[in-house]
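Please put together the full structure from these sequences, using the hints given.
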Amino acid sequence: KAGVTQTPRYLIKTRGQQVTLSCSPISGHRSVSWYQQTPGQGLQFLFEYFSETQRNKGNFPGRFSGRQFSNSRSEMNVSTLELGDSALYLCASSLTAGSGANVLTFGAGSRLTVL
Amino acid sequence: DQQVKQNSPSLSVQEGRISILNCDYTNSMFDYFLWYKKYPAEGPTFLISISSIKDKNEDGRFTVFLNKSAKHLSLHIVPSQPGDSAVYFCAAVNYGGATNKLIFGTGTLLAVQP
Numbered sequence: 001k002a003g004v005t006q007t008p009r010y011l012i013k014t015r016g017q018q019v020t021l022s023c024s025p026i027s028g029h030r031s032v033s034w035y036q037q038t039p040g041q042g043l044q045f046l047f048e049y050f051s052e053t054q055r056n057k058g059n060f061p062g063r064f065s066g067r068q069f070s071n072s073r074s075e076m077n078v079s080t081l082e083l084g085d086s087a088l089y090l091c092a093s094s095l096t097a098g099s100g101a102n103v104l105t106f107g108a109g110s111r112l113t114v115l
Numbered sequence: 001d002q003q004v005k006q007n008s009p010s011l012s013v014q015e016g017r018i019s020i021l022n023c024d025y026t027n028s029m030f031d032y033f034l035w036y037k038k039y040p041a042e043g044p045t046f047l048i049s050i051s052s053i054k055d056k057n058e059d060g061r062f063t064v065f066l067n068k069s070a071k072h073l074s075l076h077i078v079p080s081q082p083g084d085s086a087v088y089f090c091a092a093v094n095y096g097g098a099t100n101k102l103i104f105g106t107g108t109l110l111a112v113q114p
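Residue numbers (the numbering used here), protein chains in the order written: chain H, 1 to 115; chain E, 1 to 114.
Hints in this document: simulated from the structure, not taken from any laboratory. From a predicted model like this one, the values you see are computed outputs, not experimental measurements. Idealized CB from N, CA, C, for every residue including glycine. Certain hints may be false.
To be verified - Label pairs and their computed distance ranges (CB to CB): (1) E:68 to H:11: 40 to 48 Å; (2) E:96 to H:41: 21 to 29 Å; (3) E:41 to H:96: 28 to 36 Å; (4) H:51 to E:3: 23 to 31 Å; (5) E:10 to H:115: 25 to 33 Å; (6) E:45 to H:96: 17 to 25 Å; (7) E:69 to H:8: 42 to 50 Å; (8) H:22 to E:12: 35 to 43 Å; (9) H:27 to E:68: 35 to 43 Å; (10) E:29 to H:95: 21 to 29 Å.
If you want it as structure tokens, here you go:
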């Protein structure tokens with residue numbers, strides 16, 4: 001059974017550019033969440049999607065956006081990149097939302113470097 | 001406002017001894033707690049969890065204890081093995097809110113010395 005797949009794994013951008021990251025959840029999983037990991041900050045919640053609807057959003061500026069498609073695949077976009085956006089972006093999937101039985105399974109992440 | 005705190009950035013223990021990782025939280029609405037382990041260049045992997053209605057959960061060498069009155073949980077690893085060396089994240093969630101939004105601590109780097 002394939003795990004959560006994130007592409008690209010590594011990318012380098014310059015300030016002011018935009019970036020799109022992709023996440024393919026485990027087959028059958030309908031909930032996808034995104035997290036940002038930076039040194040000293042742990043994992044910060046970005047968004048949560050379920051059946052193409054955004055269920056929850058973290059405390060990030062409007063430059064961060066996301067969406068989920070009918071096949072449960074998800075993308076996140078960061079526009080007008082800043083140096084502080086350099087981070088590991090992690091995607092996680094689960095069967096549904098709001099249940100202790102649904103443990104999040106994470107992908108390996110997309111490492112974004114902004115120069 | 002850091003709702004989940006791991007006050008020890010790092011911990012070093014000898015192989016075969018007990019590792020105890022601690023986590024504190026402030027939000028009484030959290031009803032489920034999880035521990036994840038993360039190796040470099042990999043995503044976090046689920047380790048063990050505990051519901052707020054319990055005070056202990058065991059899975060092999062791993063045991064999580066929850067003290068609701070103190071808003072504190074701990075992860076015990078016995079015996080510790082070199083392969084346990086990783087960053088451990090504590091996370092909390094309010095599943096009653098029908099969400100998977102996990103609030104993570106900043107992590108503790110565990111080093112198990114052979």
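Hints breached by this structure:
none
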